[in-house]
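Q: Chain S is fixed; fit chain P onto it per the hints.
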Amino acid sequence: MQQNPMTVITAIKPNSLQALTDYLKPIGKDIKKNDVIQFSHYQQLHYCSFFIIPSNHPSGNLSATPALLVFEANIDGEISTFINDLINDNSVFMNTVYSYCQDYQDNAHLGSYLLSHDYGANAFYVAHPGQARNVIYEQQQLRKDIEQYVDANRSTLLEQPEKIRETIANHFSSTSKPKPQPFLNSNGDMIFKAILAVLVLTLLGGLFGFLGSIAQIIAIAVLVLAAVYAIVLRSHESSDKQDSRPWESPNVSAVQDVEDRQLQNHLTSVIEIKSGCFRLLTLKIVLFGINLVAKLVATKGDLSGIVTIHFARWVILPDKKRLLFMSNYDGSWENYLGEFIDHASQGLTAVWTNTQLGENRGFPDTKWLFLQGGSRDEQRFKAFARNSQLAELIWYSAYPDLSVKNIGNNRSIHEGLFSSSNLAAWLKCL
Amino acid sequence: MTTLNLQDVQGIVFSGYNKYMSCSSYYLLQINDAKKTKAWLKNLLDQGQITHGEDKANDSTENRLNLAISYSGLEKLQLDEASLNSFERSYREGMYSAHRSTLLGDQDGDAPEQWLWGNKANSVDVLVLLFSKDASIHAASQKQHQAAFKKAGLSIVWHLDAGEKRQDADGFAVEHFGFADGISDPIVEGFPTASGAAAIATGEFLLGYPNQYDGKLTQIPISEQFGTNGTYLVLRQLKQDVAAFWTFMDEEAARQGITADYLAAKMVGRWQSGALVEPNQDTDPKTVSNDFDFSKDPDGKGCPFGAHIRRANPRAVGLGTSDAESLTVANRHRLLRRGRSYGKALENPRSDDGQERGLVFICLNANIERQFEFVQHTWINNVKFAGLYDEDDPLIGRVGNFTIPDEPLRRRVCGFQQFVSTQGGGYFFLPSLSALGILGNS
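Going down the list, the protein sequences come from chains S and P.
With the first sequence counted from 1, adding 59 to any position gets you the numbering used here.
With the second sequence counted from 1, adding 12 to any position gets you the numbering used here.
None of these hints come from the bench; they were simulated from the model.
Heads up, a few of these hints could be off.
[Stated by the list, open to error] Short, incomplete list of chain S residues facing chain P, as computed with Cβ under 8 angstroms:
id, residue
1, 209
2, 390
3, 393
4, 402
5, 438
6, 468
The beta-carbon is built from N, C-alpha and C at its ideal position, and this holds for glycine as well.
Just chain S, with the same shape it has in the complex:
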């Protein structure tokens, strides 16, 4: 089953901001036991969050725009099914929330209203594509059962070391076989390489005239375009100003208040896209590339070396002036930002170098889009990221006690139960 990103973005009615905040905040504070909504009822839901983007965030440049309510969800299957389930099951919650928003009509139109305000994602990363929420639950239970069995029978199992898996498999013979992983999980890497190879070969073949004169003209045009792009890029980069003020957003305390309450965290960042169509275009191209990598290459719980992200998405806001980034990750903010810098400097610099906290308060100085500078300036980058953050009002995780690595390991245990190869590697998973 495929995981999909829902990002419903609606404008909040003037004067309703406080009332909406007051309604959502207590639910978020008691996500497990509040009597308004139980997100765990929705079996397709992995994570969801509600938060408000103030009109003046991150700077006062956009004060004419209304404050926005964002409802983010990471779900199995169709978004329309999820929306219908929500409205049918808890129309009070859904209607109360959206009655504070512009263009809301009534319960009958709520479904189409939400669908028409769903902006999905420009780029979407899933740690374990195809892994439905219920499968994650089942495999965690299976692992716990096997762990208990091994603990209780360790010495007996060790009497016949070569038969350990057989004995365990026999004991758990009623377990059903795991569903095969999606095609792209195992073949996407190859497809990605093939696409790259075809592009390079076409360009080179065209350039040297092997593919006819029209292809040659196109190839030369592509190269000229790339050169022009590089020149324009460098001219932007040399005139852009990085944020050099020792400055802390007033949001930081609120963000810190909702952080580290459990093993996982949610990150919400909203940042201005630098003005002019050049940066917007660059950003769109980079996000297209990241999306491709996420679909084809990063399918095994590892996004360019970062092994703590469950779901992440980038969304260009409807006004095309701001970039929204959301992520559900394991561990602390300090670790998360550190992993970004340690392992994924290039990708993240390519995205956020197109953004700023405000006029003349840009991303740390960058050269050649991602090659030099940018997020490698650790302290300046962390301050930039911190100041772009917003605190969520509601955040729900279906499995707050499982890390990305745990989920991958659980699947390996399940799969290994039905495999006869590589016994030693399987035993290490237990």
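A: Below, chain P alone, put in the same frame as chain S:
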């Protein structure tokens, strides 16, 4: 090569004075009269009493003194708001604050409300570290300084005396559980003690110098003149329950059919001698070396993933796609340890004598959030560390399970107890001598 002005850096940065100073005391003080405190500070400097890096100890050296200040201390010394805000957030909030204690795992019995000092009720402004050559010199020095504190408008909130020094045959200090300690302090570029190639950038431990990120400078509070050559000092009073530790080892080892020494070594990651626990070892080889990076033990069959020393510094395994990348990442989170044990050694480690003992944990770092707090939260206390499920640090953690990787099947300790608890703690700034001068003259 970084050249340091050693005269401007407090001596504790370069040395814990273990070689020549057998006694030490830690005074946690509150400022009641800022004017008097400033005069006292100025006087200490004028008399050359604050030990700096150039002032090397030898056989005839009698005393060493260093001094650090908490955020509330700087507030009381009347720094302006912009200056105060230029310090890093963790320091400004303090170790006892709600968010910091969540990060550090100081909950329930370890919560700041239970602490002897360093919480809201018993807040600490100034830390004075006193060292002496022997007990009689130390007694005289303590008496003299205690009188001076009184005159300086300083009251003593708490004080800790380091216990009699225990050393093993290799010259390493032995902590109360009986393990050699302080073996793996990083070698720092530009430090007078530095030798060898694996040096960590100066900026990781002193402000104003390039750090481990592409040679960037770690941010300096207030001004270059004030902040350079200063650093942050973290202090925690960690009480150790020695009898509980060894009684648990005895009982659990008997249940598992192994020895208590073996189990304890697996939990620590080193044998009592300090030797690394390696695959296929049943007893202490007693060959101590710090020259390893876990690349020969990628599956934890020697030193388990959850073992204390592997959590405290995972070295070349598990933090990146290659050994080199992992080592680069690990070296962005190093600590310089300068603490000592307090309280008397327990004669029979299986039988409690009702006296308190433990570790005065002191570490230095240029960025508390990226170094001390990171190590504590992301490595030590992280139940998901290295792909684990529900395990805490078996030595200094609270409660949890512990997996000992083995072939063909792992061994598991289900539910170890808490042997170490937090009794107090604080974040301090260890200023350069010139910064102390600025404070004293302000």
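Q: Does each hint fit the structure? Answer for all of them.
A: A quick look at each hint next to the structure:
1. 209: 7 angstroms, holds
2. 390: 6 angstroms, holds
3. 393: 5 angstroms, holds
4. 402: Cβ of residue 402 of chain S sits 7 angstroms from chain P, so the hint holds.
5. 438: With a closest approach of 5 angstroms, the residue 438 of chain S hint holds.
6. 468: 6 angstroms, holds
Hint violations for this structure: none, all hints satisfied.
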